[in-house]
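Asker: Now for the letters of each chain:
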Amino acid sequence: SQQGEEDPQALSIQEGENATMNCSYKTSINNLQWYRQNSGRGLVHLILIRSNEREKHSGRLRVTLDTSKKSSSLLITASRAADTASYFCATDKNTGNQFYFGTGTSLTVIP
Amino acid sequence: GAGVSQSPSNKVTEKGKDVELRCDPISGHTALYWYRQSLGQGLEFLIYFQGNSAPDKSGLPSDRFSAERTGGSVSTLTIQRTQQEDSAVYLCASRRPANTGELFFGEGSRLTVL
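Those protein sequence lines, which keep their order, are chains A and B. Residue numbers for the first sequence, in our numbering: 86 to 196. Residue numbers for the second sequence, in our numbering: 48 to 161.
Just chain B, with the same shape it has in the complex (with noise of 0.2 Å):
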């Protein structure tokens, strides 16, 4: 596609429920980021993956949270036994290879835990 798409825009989900949150990034983009943004806050670092590396978990709040890329392109997080307080905006981008900056995002999937 012509940008990053995430799905579902939005969710709203039972505490204690397993939710996931899909990524396709713009197709060529080895780097893949995704980011939480709580309500009227900034942008929360979760993973970034990088091509075939190993990725880099270092923002994960908990184990609870979880992601993979598969084949290079889309990648999934994944939220267990949500609670109240991952309600926010999860955010990804994408980066083109060899570039130093320039992050592409998506519109972010909502996710609402009652």
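So here's chain A without its partners, still in its complex pose (with noise of 0.2 Å):
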């Protein structure tokens, strides 16, 4: 199976901390996503890392990916309780079609 894995499995922190997420794939990627899914909802997408890329920033968010140890991590700085949601990394086969879901990151993020 290519489907990445998350780790931790869940994460609590205070608001205001730093939250650090990882992702581990199997196999060649073109492109690695991150999604967010609150509880009962759908997932959104939050930003995405080609193969040739080594570290991407989108506001608080910070991706890193090295394909050497086919893994990448989400840091979201500056925490707020409305980060709290699950978080899920998704890597794609070469051709680009079919995408991969990990089992995701449960964040918790305490006022």
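Worth flagging that the hints you see were computed from the coordinates, not collected in a lab. It should be emphasised that the depicted structure is a prediction, and the values quoted were computed from it without experimental measurement. Glycine included, each C-beta is placed from N, C-alpha and C at the ideal position.
Which residues of chain A face chain B? A partial, calculated answer using Cβ under 8 Å:
hint, residue
1, 184
2, 186
3, 189
Assembly of the complex is requested from the two constituent chains, each provided in isolation within its own frame, with the hints serving as guidance.
Answerer: Here is the structure:
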């Protein structure tokens, strides 16, 4: 399976702290994406990083990609209670058509 | 519509009944995906449609599952003779043409098989 695996499965932090989530995958990819899912809702795209990129920023989000280790990390800085959600990484096959999602990290930010 | 629309949002059915779940993608999006998410789990790929090409059905868990996409727009996922293990949230997503990423998801259809 090419499914990614997020680590940790659950993370609880205080508001204002940084949250780091990791994703590992198994085969070569074109790009890797991170999505957020609030409880009972659909997934929302956060950021995409291409296989030839090593780091990308978007607001309070920072994503890194290490293709040699087949891993990525998502850093959320200065967390807010509203960041409480599940976060998933998604990888594609080289064809770029199928997307495989990990099992997710459940983040709780305590006000 | 502005986003991906799925219906019904909730469906409760008895074991052995057939169910149909509908997805209306964003206008102009040529790619459409169905995923299944069991409670507290990740997303399991089911099927992928791209334009007029033959769909990628490699994720369908059994022959009780089928999907079609009429006119390159609305898609219906059909589950025949439902089983309790089919209980899950079924998520639909669409993607712009010539786009290498960013799936736009609907809110999902929660299926409960009693």
